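Asks: Residues per chain, in single letters:
2 protein chains.
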Amino acid sequence: MIQVNENFLKLQAGYLFPEIGRRVRAFAAANPNAKIIRLGIGDVTEPLPPAIIQAMHKAVDDMASGETFKGYGPEQGYDFLINAIIENDYKSRGVSLDTDEVFVSDGSKCDTGNFQEILGVANRIAVTDPVYPVYVDTNVMAGRTGEYDQAKSQYGKIVYMPCNADNNFVPALPSEPVDIIYLCYPNNPTGAVATKAELAKWVAWAKANKAIILFDAAYESFISDPAIPHSIYEIDGAKDVAVEFRSYSKTAGFTGLRCAFTVVPKTVKAYTSSGKEVAINPIWSRRHTTKFNGASYISQAAAAAVYSPQGKKEVRQIIDIYMNNAAVIRKSLSALGYSVYGGVNAPYIWLKTPGGLTSWQFFDKLLGEINVVGTPGSGFGPSGEGYFRLSAFGKPENVIEAMERFKKLKF
Amino acid sequence: MIQVNENFLKLQAGYLFPEIGRRVRAFAAANPNAKIIRLGIGDVTEPLPPAIIQAMHKAVDDMASGETFKGYGPEQGYDFLINAIIENDYKSRGVSLDTDEVFVSDGSKCDTGNFQEILGVANRIAVTDPVYPVYVDTNVMAGRTGEYDQAKSQYGKIVYMPCNADNNFVPALPSEPVDIIYLCYPNNPTGAVATKAELAKWVAWAKANKAIILFDAAYESFISDPAIPHSIYEIDGAKDVAVEFRSYSKTAGFTGLRCAFTVVPKTVKAYTSSGKEVAINPIWSRRHTTKFNGASYISQAAAAAVYSPQGKKEVRQIIDIYMNNAAVIRKSLSALGYSVYGGVNAPYIWLKTPGGLTSWQFFDKLLGEINVVGTPGSGFGPSGEGYFRLSAFGKPENVIEAMERFKKLKF
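Just so you know, the protein sequences line up as chains C and D, in that order. Each step along the first sequence adds one to the number in the numbering used here, with nothing skipped, and position 275 is 275. Each step along the second sequence adds one to the number in the numbering used here, with nothing skipped, and position 49 is 49.
Do not rely on the hints blindly, as some may be mistaken.
Stated by the list, open to error - If you anchor each label on the Cβ, the simulated ranges turn out as follows:
(1) V121/C <-> E67/D: 41 to 49 Å
(2) E67/D <-> F17/C: 17 to 25 Å
(3) G94/C <-> K157/D: 46 to 54 Å
(4) K157/D <-> A197/C: 45 to 53 Å
(5) P32/D <-> G94/C: 37 to 45 Å
(6) N33/D <-> G94/C: 39 to 47 Å
(7) L173/C <-> A13/D: 37 to 45 Å
(8) V121/D <-> K395/C: 42 to 50 Å
(9) L357/C <-> K266/D: 35 to 43 Å
(10) A34/C <-> K157/D: 39 to 47 Å
Bear in mind the hints are in silico, worked out from the structure with no lab data behind them. As the structure is a computational prediction, the values presented were derived from the model and not from experiment. For every residue, glycine included, the Cβ atom is placed at its ideal position computed from N, Cα and C.
All chains, please: the whole structure from these sequences, using the hints.
Replies: Given below as structure tokens:
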């Protein structure tokens, strides 16, 4: 008799973004004339710049001729892209990588979700709270957690590391043994960043405890402070304990194109139950080549264009648009008396809900009174309760209008 | 201490296609003037036709303008593609499907590899022998098998169903209980097809035994016999027990573009350990939306163009090129006295190695004497020993030359 993977039945039905969508649709149906401004889901809004469009047209033409047609590419990605990644994203910051340490994929959601698969099911995981839900849900599916505790809004067996205004959104090192630590900097949803000194503490802890750090750097291109590391490998020793996830989705507006990559240094080790050391790079390679057939050639050609001189310039201009939005939000809300975090080195602004409102109460108030959509902090974990995320992705004129509307909120 | 998923350590290192690549590279290095003809890996060789190229240029232009830019799409795929799939691939053959039963993805390798994840680890699997290695390897990774037995060339706990000339490459129904049955028709590697009557037997068996059929129809567009079903849902009752995988890779030359889809009828059920019935459609939906972020918009636009009147015509012309290659191979090798199978409703020709040679001996002989590359049957499983796969993908002039060279093989 065919059995279901019962771990999937532990998952909570009310996933954050569908619930937001449901409430927005209901409001729009009841108020057809309302001009809703969406600063909720973190999706880019600017079209792709000319250098990338041009590279894609060329790649499409390559597919039209027998001489340049591309069938199956290497599952790990084309060398032209891997070499550009190593040169521009790593060598430029003093990090050396071999080509077989970089794995091109179709998205960081996939990679951060899939990576746990090559690690034992008995490993204990630690996540920051609030956190990107994919890290948690994929571990629930794998059976690495207990049941969901409705009262605590937490799954059993996961170590949640609270991040709030009291600790400046920097979690304390785990006080109990964990094996897999998910870190995301610049952080989604809080917009916080980690200094070199803070990351060095995590690397040292992971080494001492034979743990592995899964480091999500999907938002690194939004860092404006030159002292903040873009890669965990800027920390000495990180290549022994950390895997890094990068994406073109937010960096270069690729959410609809699908291209990302993961770095798995050959020096990162895991252990068998008998204590034998095993390099995880060849194991991830085996997983990646067996269950994946390479990212689209068109998307890889587009990603390579991000590193051309013109591509770099054009992508930077788009990031500047979003970061100007972030600055407008920060300034406007601060002037209105809100406690505002993030938005300087990240495209997310995290704010304390005013008047003791819960995250969802504030969501309903914003939608109902001023027709602005944001994301309730509690959707990212229990420590997100009382907070709210606004995204800097959006048309500047909409962001300015949203901020004008905030002045009209009634308390 | 971080533990590795030890199931990965059961995997055999010598995966088929890398080993072929190694031998071909070594031969080419030692024989730099040899003109090698590759009929090995099943990768398409014809460039994409005008209707698809045009649709991709338009999709690229959509990404260049704020009005038409596409960010995150629905993880399940755009409605414009899902509707075209239902209308053209299913309704036209008398099969009705709801839009939420079709899941667009970036490849059938991924889908056939990932699907087992939502099913319990204690389920017993059955595969045909020979078989596409991804079905087996992904179950090894998931822990659903025992260790590899070198003497038998088989993993423990898997039920292998031999397919050879004696049973006309149609496996017998399992004589022991199994829960997950992988079937691929038209078959890779044997090129065999299943009649409606044969598939009806499997559907009835699955119903009676509460098993699930994972049906890989990646090669359905190569069917020339009008009596052969293109979809398992042409069989009454299949919607209760079968999931179907489809791909544009071979159908329309998308190996470098990455687009495929999986059909999960809402009537397919699995069970909890306490015997409770659970529909698997919402569980796959949860998996797909949590671990995947949609196929590239450009690739989905290209896939939709496959269904336009012009697209259908152009894609058919390319399939005809490959199937003419298949006919040339069949005819030539039959005339030389080979026992030849497949190649009529599938792009693969499966032949008995002559003179009692093993699959690898014949591989080395072909490469060494006439510089033709094929795929050793034993690489697909123990029952593939003594067989050899030739692919119909290739330039017609190369296929004709390869057949000329076969005349020069010395025995």
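Asks: Indicate, hint by hint, whether the structure satisfies it.
Replies: Evaluation of the provided hints:
1. V121/C <-> E67/D: 41 to 49 Å: Holds, since V121/C and E67/D (Cβ atoms, about 48 Å apart) stay within the stated range.
2. E67/D <-> F17/C: 17 to 25 Å: About 24 Å separates the Cβ atoms of E67/D and F17/C, which means 17 to 25 Å holds.
3. G94/C <-> K157/D: 46 to 54 Å: 49 Å, holds
4. K157/D <-> A197/C: 45 to 53 Å: 50 Å, holds
5. P32/D <-> G94/C: 37 to 45 Å: 41 Å, holds
6. N33/D <-> G94/C: 39 to 47 Å: 46 Å, holds
7. L173/C <-> A13/D: 37 to 45 Å: Check passed, 38 Å falls within 37 to 45 Å.
8. V121/D <-> K395/C: 42 to 50 Å: 48 Å, holds
9. L357/C <-> K266/D: 35 to 43 Å: 39 Å, holds
10. A34/C <-> K157/D: 39 to 47 Å: Because 59 Å falls outside the window, the suggested range is violated.
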